[in-house]
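We have chain A already, so just place chain B on it with the hints.
If you're matching them up, the sequences are chains A and B in order. Take 123 as the starting number for the first sequence in this note's numbering and just add one per residue. Take 123 as the starting number for the second sequence in this note's numbering and just add one per residue.
Keep in mind the hints are simulated off the structure, nothing from the lab. Keep in mind the model is a prediction, meaning the values are calculated, not measured. Among the hints, a few may not be true.
Identical chains blur together in the list; that is why a pair holds if it fits in one copy or across any two.
[What the hints assert, rightly or not] No more than 20 Å apart at the CA atoms, straight line, and that leaves these computed lysine to any residue pairs for SDA-like:
hint: 1; residue 1: K513; residue 2: G357
hint: 2; residue 1: K613; residue 2: M200
hint: 3; residue 1: K497; residue 2: E571
hint: 4; residue 1: K657; residue 2: V600
hint: 5; residue 1: K613; residue 2: V596
hint: 6; residue 1: K538; residue 2: V635
hint: 7; residue 1: K538; residue 2: L439
hint: 8; residue 1: K538; residue 2: V203
hint: 9; residue 1: K513; residue 2: R555
hint: 10; residue 1: K497; residue 2: D605
2 protein chains.
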Amino acid sequence: MSFSHSTCHSEPFASRHSEHSEESRPFATSQGDRLKNKKLRIIPLGGLGEVGKNMMVLEYADDIVVIDAGLMFPSEEMLGVDLLIPDINYLLQRKQNLRGIIITHGHEDHIGALPYVLSQLNLPIYATKLAGRLISAELKQRGVKGRARINVVHAGSRIRLGNFTVEFFPVCHSIPDSMGLIIHTPVGMVVHSGDFKLDYTPVIGEATDLNQLAWLGRKGVLLLLSDSTYVELSGYTPSEKVVSDTLDHIMMEASGRVIVTTFSSLISRIQQVIDVAAKHGRRVFITGRSMEEIVKVAAEMGYLVIPPDVLCRSDELKHLPHNRVVILTTGSQGEPTSALVRMANRDHRQIQIVPGDTVVMSATPVPGNEALVNKTIDSLFRQGANVIYEKLSQVHVHGHGSQEELKLLFNLVKPKFFVPIHGEYRHLSLHARLTRSLGMPEDNIFVLEDGDILELGQETGRIVGKVPIGNVYVNGLVTGELDSTMLRDRKLLSRDGIVVVTLAIDAQRGKLVGRPCIITRGFVDAGESQTLIEKSQDVVVATLNHDRKHSFGPGRLSQVSNLEAKVRNSLTKFLYEQTHRRPIIIPIIMEV
Amino acid sequence: MSFSHSTCHSEPFASRHSEHSEESRPFATSQGDRLKNKKLRIIPLGGLGEVGKNMMVLEYADDIVVIDAGLMFPSEEMLGVDLLIPDINYLLQRKQNLRGIIITHGHEDHIGALPYVLSQLNLPIYATKLAGRLISAELKQRGVKGRARINVVHAGSRIRLGNFTVEFFPVCHSIPDSMGLIIHTPVGMVVHSGDFKLDYTPVIGEATDLNQLAWLGRKGVLLLLSDSTYVELSGYTPSEKVVSDTLDHIMMEASGRVIVTTFSSLISRIQQVIDVAAKHGRRVFITGRSMEEIVKVAAEMGYLVIPPDVLCRSDELKHLPHNRVVILTTGSQGEPTSALVRMANRDHRQIQIVPGDTVVMSATPVPGNEALVNKTIDSLFRQGANVIYEKLSQVHVHGHGSQEELKLLFNLVKPKFFVPIHGEYRHLSLHARLTRSLGMPEDNIFVLEDGDILELGQETGRIVGKVPIGNVYVNGLVTGELDSTMLRDRKLLSRDGIVVVTLAIDAQRGKLVGRPCIITRGFVDAGESQTLIEKSQDVVVATLNHDRKHSFGPGRLSQVSNLEAKVRNSLTKFLYEQTHRRPIIIPIIMEV
Numbered sequence: 123m124s125f126s127h128s129t130c131h132s133e134p135f136a137s138r139h140s141e142h143s144e145e146s147r148p149f150a151t152s153q154g155d156r157l158k159n160k161k162l163r164i165i166p167l168g169g170l171g172e173v174g175k176n177m178m179v180l181e182y183a184d185d186i187v188v189i190d191a192g193l194m195f196p197s198e199e200m201l202g203v204d205l206l207i208p209d210i211n212y213l214l215q216r217k218q219n220l221r222g223i224i225i226t227h228g229h230e231d232h233i234g235a236l237p238y239v240l241s242q243l244n245l246p247i248y249a250t251k252l253a254g255r256l257i258s259a260e261l262k263q264r265g266v267k268g269r270a271r272i273n274v275v276h277a278g279s280r281i282r283l284g285n286f287t288v289e290f291f292p293v294c295h296s297i298p299d300s301m302g303l304i305i306h307t308p309v310g311m312v313v314h315s316g317d318f319k320l321d322y323t324p325v326i327g328e329a330t331d332l333n334q335l336a337w338l339g340r341k342g343v344l345l346l347l348s349d350s351t352y353v354e355l356s357g358y359t360p361s362e363k364v365v366s367d368t369l370d371h372i373m374m375e376a377s378g379r380v381i382v383t384t385f386s387s388l389i390s391r392i393q394q395v396i397d398v399a400a401k402h403g404r405r406v407f408i409t410g411r412s413m414e415e416i417v418k419v420a421a422e423m424g425y426l427v428i429p430p431d432v433l434c435r436s437d438e439l440k441h442l443p444h445n446r447v448v449i450l451t452t453g454s455q456g457e458p459t460s461a462l463v464r465m466a467n468r469d470h471r472q473i474q475i476v477p478g479d480t481v482v483m484s485a486t487p488v489p490g491n492e493a494l495v496n497k498t499i500d501s502l503f504r505q506g507a508n509v510i511y512e513k514l515s516q517v518h519v520h521g522h523g524s525q526e527e528l529k530l531l532f533n534l535v536k537p538k539f540f541v542p543i544h545g546e547y548r549h550l551s552l553h554a555r556l557t558r559s560l561g562m563p564e565d566n567i568f569v570l571e572d573g574d575i576l577e578l579g580q581e582t583g584r585i586v587g588k589v590p591i592g593n594v595y596v597n598g599l600v601t602g603e604l605d606s607t608m609l610r611d612r613k614l615l616s617r618d619g620i621v622v623v624t625l626a627i628d629a630q631r632g633k634l635v636g637r638p639c640i641i642t643r644g645f646v647d648a649g650e651s652q653t654l655i656e657k658s659q660d661v662v663v664a665t666l667n668h669d670r671k672h673s674f675g676p677g678r679l680s681q682v683s684n685l686e687a688k689v690r691n692s693l694t695k696f697l698y699e700q701t702h703r704r705p706i707i708i709p710i711i712m713e714v
Numbered sequence: 123m124s125f126s127h128s129t130c131h132s133e134p135f136a137s138r139h140s141e142h143s144e145e146s147r148p149f150a151t152s153q154g155d156r157l158k159n160k161k162l163r164i165i166p167l168g169g170l171g172e173v174g175k176n177m178m179v180l181e182y183a184d185d186i187v188v189i190d191a192g193l194m195f196p197s198e199e200m201l202g203v204d205l206l207i208p209d210i211n212y213l214l215q216r217k218q219n220l221r222g223i224i225i226t227h228g229h230e231d232h233i234g235a236l237p238y239v240l241s242q243l244n245l246p247i248y249a250t251k252l253a254g255r256l257i258s259a260e261l262k263q264r265g266v267k268g269r270a271r272i273n274v275v276h277a278g279s280r281i282r283l284g285n286f287t288v289e290f291f292p293v294c295h296s297i298p299d300s301m302g303l304i305i306h307t308p309v310g311m312v313v314h315s316g317d318f319k320l321d322y323t324p325v326i327g328e329a330t331d332l333n334q335l336a337w338l339g340r341k342g343v344l345l346l347l348s349d350s351t352y353v354e355l356s357g358y359t360p361s362e363k364v365v366s367d368t369l370d371h372i373m374m375e376a377s378g379r380v381i382v383t384t385f386s387s388l389i390s391r392i393q394q395v396i397d398v399a400a401k402h403g404r405r406v407f408i409t410g411r412s413m414e415e416i417v418k419v420a421a422e423m424g425y426l427v428i429p430p431d432v433l434c435r436s437d438e439l440k441h442l443p444h445n446r447v448v449i450l451t452t453g454s455q456g457e458p459t460s461a462l463v464r465m466a467n468r469d470h471r472q473i474q475i476v477p478g479d480t481v482v483m484s485a486t487p488v489p490g491n492e493a494l495v496n497k498t499i500d501s502l503f504r505q506g507a508n509v510i511y512e513k514l515s516q517v518h519v520h521g522h523g524s525q526e527e528l529k530l531l532f533n534l535v536k537p538k539f540f541v542p543i544h545g546e547y548r549h550l551s552l553h554a555r556l557t558r559s560l561g562m563p564e565d566n567i568f569v570l571e572d573g574d575i576l577e578l579g580q581e582t583g584r585i586v587g588k589v590p591i592g593n594v595y596v597n598g599l600v601t602g603e604l605d606s607t608m609l610r611d612r613k614l615l616s617r618d619g620i621v622v623v624t625l626a627i628d629a630q631r632g633k634l635v636g637r638p639c640i641i642t643r644g645f646v647d648a649g650e651s652q653t654l655i656e657k658s659q660d661v662v663v664a665t666l667n668h669d670r671k672h673s674f675g676p677g678r679l680s681q682v683s684n685l686e687a688k689v690r691n692s693l694t695k696f697l698y699e700q701t702h703r704r705p706i707i708i709p710i711i712m713e714v
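Same shape as in the complex, but just chain A:
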C-alpha cells in the first residue's frame, strides 16, 4: 500500500501541531473577544432522517464549510426520478461565505451530488486521493469537470478555512482512504466520525486511530457527530479479515470455477479475492465495466497489490481448467445490465454458467435491491450454479460500526454535545438512546433532521430554527421538487393509464363533426378495448346531445371548459362501472 501516513498519527496530536492548539481555546485571543457572542451553527442539509445524500453545514460568523455532497437513489414510487440530491438553497443564498467542501470518502452518498452542486457553486473541494479520482470521473461524466478545484488531502492534513481548521484522521470503512474529521472552531473542537467501523485487522490501510481519539477526548471535544447506520446491531462488526477465511474455504472446496461479485468500490474485498485466488493457484478474470475500471485505477494508484501472473485475459481463460479460475464480476446488486446478471440469463459473451460453478455474492443488497438480487440468485441456481450468499455464509461484512463500536468511540471522545448522523430517524433515536445509557445528559443530545439549525456555545446548545428543505430530484437534465404535479400525474398514469377523447365541433352550428376519437394508453388490454371504446364513444355522443339540448348551441362555445368537464365526468363514471379503474381522462375539443 503506497498511502501510509503512519508518521501523521504515530505521535500525539498536540506535539505535532502545537501552533494550532490555541484554536480550541479561542477566547484567549483578542479575535476571541470580538467573536464572543458568536455561536457555532450545525445544519444538516441531507442524510439525517433519510439515508443517503449526505451534506452537513458548519457555520461560524461569516464562514461556512460543507461536509460531503451525496446523492440518494429514489424509491420505486418516485416514478421516473433518476436520483435525489440535497437542497442547497441555504448555500446559494450565502455564496460569499462558503469556504469549501470537505469530502469524507468516495462513496456515491457522499460525493454523488457534486456535479449538481458545482454547476451552481464554484467551491474548492478537499478530498483524499481515491475520492478525488472518483469525483473527477463523475464530474467528467456530467460535463462539469472544468469548474472543479479538487485539493488532495491525506490523513493528518490540516486545512484552514476561515474560522475553521479541518484535520483528517483515517477510519476503516468499505472504501479505502475514508476519513474522520477534527474541526477546530472558535467555540471548540468538533469530531465527525465519517462512515466508520473499528477494524483492528483491516485488509487495506490502517485501523482507526483510537489513541488519537482518546487524546482529543482528553483535550476536550465540544461536539461529536457519529455514524448511526448500524446502531440497530448489538456487539461488534466483524473485521474485513473474516471474509478471507470464508473465501479461502470456498476456493479450496470448489471443484469448478469460483465467481465472486462485490461492490466495485470495496477494494479491500477485491484484494482479498485476488490474494486467496493466488494462494490456491487460481487465476483471476475481471469482467464488468466498473470492475475492470476500478481494478485498473486502484492498481495504478497503489491501493491494490496484484501479484504477477494472477490476472488473466479472456483468451487465456478458455484454456484454463475450471478449478484454476476465479472470475471477479460486477452485479452484486442484481443490476440488469451487469456482467453477473448477463451470465445468469445466458447472455454473457464469454462466460456461461455450468454445473460445478460456485457463485459468491460477497455483498449485501442495498435496501430496495432485494428483489433484483434474489432474482439473480434464483437464475444462477437454475443454471446449475451453487450460490453462496450472506444468509448462508459469512461472505460479506459491512462497513459501519455496531453498538459496541459506537459506545467505544463515544467513550474515547467524551464530547460535551452529541449529534447522531447518517441514518433514518429510528437510527438517530436509537443512537441518542445509546449515549443516554452511557450517561450523556438528555439536554446535550440533539436528534436533528435535515434543515434543523443547531446553535452551540461553549456551554449550551439549542435548536434555533429550521432551514426549509425541499425534496430535490434529478430527472434527465432538470432538477425539481418531489411533490410536483408531474410526479403525482405519473403515479396516476402508472395506475390506470390515460384516455384521450378528441372532439371536433362545428362552431357555427354547435354540432359534433364525425365520431369522437378515443385513444388510450395503459388503460385496458387489447382484448378488452374494442367494444369498450365503441361504447365510450356512444357515452360521449350521448353526453353532448344531452348537453346541446340544455345549454349547448351557437354562441355558447365559450363554455368549452364546461363541456370538457361534462365529458370527463360521464366517461369517468362509465369506465369505472365497466372496469373499476380510474384512468386520467383528457378531453380535447376543437372548434372548426
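Just chain B, lined up with the frame of chain A:
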C-alpha cells in the same frame, strides 16, 4: 381451545383406518390391474419458483384434486396491478375431472384466489373451520358466495375424491387450524407438509404430530412435498412461546401504554398479548377494522380465550392510567390507512402517541413492505414513542420450519421421492441440497417450477412436460396477462409521462388550421413547461411545413399515419434534446 381433535391422532394411523390401508397398495386389487400403467401426475400451477399464489394439482387417471388456491401481491413494477392469481387454464380444460379443492390453511397465499377460481369453476372446497370462515368472507366480498360449497374438515378427517383419499393432520403455523395432508393414491402415499414449523409448545392448538409422521414413514411414503420458505435459516425456529417472555418483560418495564401490532391472522399472538396484559393488570383496547373483526370472530369460534374484563371500550380507555393499558392494533405492515399508521401520523381519532408509549412491532415486514414499515417506525420515534421491533428484540417468531425441522420431517417421513414446495427457486434448490445431504438420491429429487408435469410410478419418476403458465393479474374487474401492452405502456407513462399533440388539417387545402394543441401529463414540471410547449408547437409547425413542401397536399391526406410518424419523430428528438426524457407522444390529426 374448542377445536381439540386429539382422538384423531392419539392412536396410530392404521388401527383407526384399516379399511383404507389397501389404498396405498392398490395393485393388489383388480382395479389396480386396470390402472397398472397409470401414473400419478404432480403439477404445480403456482407457488413454485415464486412465493405466493400457491396451487398444486394431483392427477391420476380421470381424477384431479387441487391443493390450495392462493393469491400473490404484485411487486412495485407491476403498475396498477391489484393482485396475481394462478393460471387455471389446465383446470378449465379438464372440468369434468375436477374432484375438489383442498385448503391447507386460511392465509391469503393459500385461499385468496378462490373468488376468481370459483367464478369459473364450480368445485367443492374442503377446509378447516377457521379457513372456511375466512373463505366465506372473501367470497362474500367478491360477490361469488352463492357458488361456494365449503365442506368443513378437521384434523383426522378423510375425504374420498375419486381415486384419491385425502386425510388431514395438524401442523403448527402462524394461523390456527393449519393442516398437512396425507393423500392416498393408487400409486402410493403422498405427504404434503402445508406451511409448518415444529413447535413443541404452541400457544394455540397442538404440536405437529411427529409420531403419526413416523408411522407413515414406516408404512412407506411415495412422495413428500415439503415447505421450503425458511430453508435458508440454520437451526430451529423458536417456539411461539418465547414471544410471551419478551412481551412479559416489556409490559412489566413499560411506565406507559404498550401498543402492540401484529398480523390479524396470527391469533396465537393476539392470545399472548391478551394473556400477558391480564397478568400485568393491563386492559386491552382493540383498534383497526381487521383486528376488531378477527378478535370478535376468533372469540366466537373458540380460537381466542378472553378472560372477563380484560377488553376495554374507547370510553373506558380515556379514564385508565397509561400503565394499565395495552392497545392491540392493525398496521404491522405499515399499511397507510391502518390504525397504527394513523397514530404515527397524529391522525387517529382516539389515540395520540405520547412520550412514554412503547410500541411493539410483533411481526416481520413481508418482502416489499420494508420501506413502509420503516417509515412507520420512524414516525413513531418522532412522536416520542419507544419502538421495539424484530431487529432489537425477539418480539416476533415466524411460522415456518428452519433447516433442522426440515431435516427432521424428512427423516421421519422417509419418502421415496421428494419435491420441495413453497419457495422461490433458490429455496427449492437449497431444500433439494439439504435432502441430498441426508442421503436422498439425486434422481429421486425433483425441483419443479410452476407448470412442470412430474409423473411418478411406484419406482420411477420424471418430468414429462410443461403446462403453459401465464402470469395472470387482476386489475379492477378484469384479469389479464402480465406481459400485456397495457402494462408496458404504464411503465413508459410512469417514467416520462405523455405528450398529446392535436392538429386540425384543412382537408381541401392541405393546410394546418390554427396552432397545434399540446397537452402533457407527467412529463414536465409547471416551471419548465410554458416555453417548452411553445417551442414544441413551433417544431410541429416546422415539421408540417417541411412535409407539405415535399409530400403533403390535397389528395395526399390518406398519408395521415405517415404524417403522425413524422410529428412523433421530430418531437421525440426535440424533447429529448431539451430534457433527456422520452415521453409517449400521441399525435392526433383531425381532418376538417
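How the hints compare with the structure:
| no. | hint | result |
| --- | --- | --- |
| 1 | K513 - G357 | both (19 Å within a copy, 13 Å between copies) |
| 2 | K613 - M200 | both (8 Å within a copy, 13 Å between copies) |
| 3 | K497 - E571 | between (35 Å within a copy, 14 Å between copies) |
| 4 | K657 - V600 | between (41 Å within a copy, 17 Å between copies) |
| 5 | K613 - V596 | both (17 Å within a copy, 19 Å between copies) |
| 6 | K538 - V635 | neither (79 Å within a copy, 74 Å between copies) |
| 7 | K538 - L439 | neither (59 Å within a copy, 42 Å between copies) |
| 8 | K538 - V203 | neither (41 Å within a copy, 53 Å between copies) |
| 9 | K513 - R555 | between (29 Å within a copy, 16 Å between copies) |
| 10 | K497 - D605 | between (32 Å within a copy, 18 Å between copies) |
In summary, the structure is inconsistent with hints 6, 7, 8 from the numbered list given earlier, while agreeing with the others.
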